[in-house]
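Asker: Below are the chains, spelled out letter by letter.
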Amino acid sequence: MTSGFLYGAIAFWLLAWAINEWLVRVKTKDRVLQRIIRIAVPLLFGISILVLWEGIVRGFNIPSVLLPPPSMIWTRLINSLPTLWADFRQTFLKSVITGYVMGCGLGFLVAIAIDRSPFLQKGLLPLGNFVSALPVVGVAPIMVMWFGFDWQSKVAVVVIMTFFPMLVNTVSGLAAASQMEKDLMHTYAASWFQTLIKLRLPAAWPFIFNALKINSTLALIGAIVAEFFGTPIVGMGFRISTEVGRMNVDMVWAEIAVAAVAGSAFYGIVALVERAVTFWHPSVRGGQTS
Amino acid sequence: MTMRDKVFPVLTIVLILIAIWYVAAIYLNAPFERDTAGRAGTTITFSEIVPKTMFQERPVLPAPHQVIAEIWDTTFNKPVTSKRSLVYHAWITLSATLVGFGIGTVLGILLAVGIVHNRAMDRSLMPWVIASQTIPILAIAPMIIVVLNAIGIAGLLPKALISTYLSFFPIVVGMVKGLRSPEQIQLDLMHTYYASPAQTFWKLRWPASMPYLFTSLKVAIAISLVGAIVGELPTGAVAGLGARLLAGSYYGQTVQIWSALFMAAALAAVLVAIVGTAHTAVLKRMGVKP
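As you go down the protein sequences, you meet chains A and B in turn.
No gaps in the numbering here: position 78 of the first sequence is 78 in my numbering, and each next residue is one more.
No gaps in the numbering here: position 35 of the second sequence is 35 in my numbering, and each next residue is one more.
Just so you know, these hints were derived from the structure itself, not from any lab.
Predicted model, so just to flag it, every value in this text is computed and none were measured.
C-beta: ideal position from N, C-alpha, C; glycine also.
Be aware that one or more of the hints could be misleading.
[Unchecked claim] Partial list, derived from the structure: chain B residues whose beta carbon lies under 8 angstroms from chain A:
hint	residue
1	Val10
2	Gly248
3	Ile257
[What the hints assert, rightly or not] Heads up, simulated BS3-like pairs for lysine-lysine below, C-alpha to C-alpha not over 30 angstroms straight-line:
hint	chain 1	residue 1	chain 2	residue 2
4	B	Lys203	B	Lys177
5	B	Lys6	A	Lys182
6	A	Lys182	A	Lys122
7	B	Lys218	A	Lys213
8	A	Lys122	B	Lys284
9	B	Lys218	A	Lys122
[Unchecked claim] So the derived label-pair ranges between C-beta atoms look like this:
hint	chain 1	residue 1	chain 2	residue 2	range
10	A	Pro202	B	Ser196	27 to 35 angstroms
11	B	Leu107	A	Ile39	24 to 32 angstroms
12	B	Pro51	A	Met102	31 to 39 angstroms
13	B	Thr45	A	Thr83	47 to 55 angstroms
14	A	Trp146	B	Ile153	33 to 41 angstroms
15	A	Gly105	B	Met286	40 to 48 angstroms
16	B	Pro51	A	Ala271	27 to 35 angstroms
17	A	Trp192	B	Arg84	54 to 62 angstroms
18	A	Ile97	B	Ala19	29 to 37 angstroms
19	A	Pro282	B	Arg84	50 to 58 angstroms
20	B	Arg58	A	Met247	31 to 39 angstroms
21	A	Asn79	B	Ser196	42 to 50 angstroms
22	B	Gly102	A	Asn129	19 to 27 angstroms
23	B	Arg84	A	Gly4	55 to 63 angstroms
Based on the provided sequences and hints, a complete structural model is requested.
Answerer: Below, the structure is given as structure tokens:
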């Protein structure tokens, strides 16, 4: 009986693979059909992974303490929506969003502020690059000590984590406008501020959005890891670490699913805004030429 | 010229940061001294507070020289095998980082080769690889540790697996880009030579991907270190830099936290520098002009 699950899952996986192999070879002129195939292939792959997971767990009778099947995680997710929502509000809406906005805004403003001083730029850029490579999450215990257990300390961690990528990218973005374009602005007798608004900021958007995208993942990681060091009894990181201790692995997976969806949605929104703002950039305009 | 242009600005900024640090240390540690004086029934002047804030047992913000003294003490004055030696903890973290980084690199390259050579894999796997970047993977870290501990795998490997998990995504993305970087005209040339797919791979695609590989490796090694440190948090603070951070935050040993943090930073800097040196060496061997 149990091996039936396993064989069924493997059969489904092979079938899905075969369909995918066939789908990517379909040649069609129809734009809509092309788009459907483009979405269907990864979707089918994702579903087959879930089915395979379910089949392996049930087929080999893996105890749910080690790896719960997706169906069990789903039931747990549906049954504990209020808890998950409270965690989501604490971690995502309070810590991540606040910290993200403050960190990115601060990085952006500092980059503008040091724009006129090449000396400060030369000093800050290598340091910023260096700090970006450091395990910055390590400041979490210090921030928890300074700002208390509640969301303020998580905001502080997120601000520190997102500040440097934003600073470095904005500074290099502001340098992206070419000399000829700057000369043109100069012949128009444009002031520094006008050049900034009309030429250099638009040229910098791709860099800035690059930082915004990097930071969207960093912010969530920072907030969750900071909660491992101390938190009130609510929050995604808190839930993960306590439910692991109580061996409620299905709850942990449900929380991870929420974090994954939230992280992807956050990233997706930033990417959508990027497409709208930098519509002129080759990587957006070119569409799907690859 | 490079002295004045590169080293001097960075040094100035570093000196300014250290000065700010000292001022902040005085400001943050002063309330404790006032409290102590108030409880003893004496008043204390500012000039008396300043020297005392430099040498507190558990300062809110330890002064730089305290951190350096602690690092010196725990690095050189303790035997390397002692649990109080920072070298011992750093080595534990470093070994997990390197093992995870090694597995992640091999896995990432293999996956990238598969993605480049198989259309179905490209279409179905690539979107998920990119989506997985947006998920706070570190959130899963404690669970991997606890679950692997439950089935009897303890010590180095669980931490290394987290590093693997974190480090293999940048490598997949970078390598796919790198293996696809040869232009059509170059591929056509290989075609006219009647080169087999294997020959095209080893003589064109592989060398062309090297710059991309090393750029990814730099990101990957930094993030593996973060993975190893975070992986040490939920194990209950046994050994390693992460455990050092956690123990420090439990017992309010701020000097210990800061010294572990600086050790981690130094480790990250050295690792990235090694990859960077390998990068220039390999490119030089391949005849790329700097």
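Asker: Hint by hint, note whether the structure agrees.
Answerer: Evaluation of the provided hints:
Evaluation of the B:Val10 hint against chain A yields a held restraint, the C-beta minimum of about 5 angstroms falling below 8 angstroms. The restraint placing B:Gly248 at the interface with chain A holds, with a minimum CB-CB distance near 6 angstroms, inside the 8 angstroms limit. Among the interface hints, the one on B:Ile257 holds; its C-beta lies about 5 angstroms from the nearest C-beta in chain A, closer than the 8 angstroms criterion. Between B:Lys203 and B:Lys177 the alpha-carbon distance is near 17 angstroms, which keeps this suggested pair within the 30 angstroms criterion.
Distance check on the hinted pair: B:Lys6 and A:Lys182 sit about 25 angstroms apart at the alpha-carbon level, within 30 angstroms; holds. Distance hint between A:Lys182 and A:Lys122 is fulfilled; the C-alpha atoms sit about 21 angstroms from each other, no more than 30 angstroms. With a C-alpha separation of about 19 angstroms, the suggested pair B:Lys218 and A:Lys213 falls inside the 30 angstroms cut-off, and the hint holds. The hinted pair formed by A:Lys122 and B:Lys284 meets the criterion: a straight-line CA distance of about 27 angstroms does not exceed 30 angstroms.
Of the supplied pair hints, the one linking B:Lys218 and A:Lys122 holds, its CA atoms being roughly 22 angstroms apart against a limit of 30 angstroms. At about 48 angstroms, the CB distance of A:Pro202 to B:Ser196 disagrees with the hint of 27 to 35 angstroms. Separation of B:Leu107 from A:Ile39 is about 27 angstroms and conforms to the stated range, judged on CB atoms against 24 to 32 angstroms. For the hinted restraint 31 to 39 angstroms between B:Pro51 and A:Met102, the CB-CB distance of approximately 35 angstroms keeps it satisfied.
For B:Thr45 and A:Thr83, the Cβ-Cβ distance of about 53 angstroms falls inside the hinted range of 47 to 55 angstroms, so the restraint holds. With their beta carbons about 37 angstroms apart, A:Trp146 and B:Ile153 fall inside the hinted range of 33 to 41 angstroms. At roughly 43 angstroms, the beta carbons of A:Gly105 and B:Met286 sit within the given window of 40 to 48 angstroms. For the pair B:Pro51 and A:Ala271, the supplied restraint of 27 to 35 angstroms is violated, since their beta-carbon distance comes to about 54 angstroms.
Distance hint check: the CB atoms of A:Trp192 and B:Arg84 are about 55 angstroms apart, consistent with the given range 54 to 62 angstroms. As the Cβ distance of A:Ile97 to B:Ala19 is approximately 34 angstroms, the hint placing it in 29 to 37 angstroms holds. Restraint check, A:Pro282 to B:Arg84: a C-beta distance of roughly 56 angstroms satisfies the suggested window 50 to 58 angstroms. About 35 angstroms separates the C-beta atoms of B:Arg58 and A:Met247, a value consistent with the hinted range of 31 to 39 angstroms.
Taking the beta carbon of each, A:Asn79 and B:Ser196 are about 56 angstroms apart, not inside 42 to 50 angstroms as hinted. For the pair B:Gly102 and A:Asn129, the beta carbons lie near 25 angstroms from each other, so the given range of 19 to 27 angstroms is met. In this structure the supplied range 55 to 63 angstroms holds for B:Arg84 paired with A:Gly4, their Cβ-Cβ distance being about 57 angstroms.
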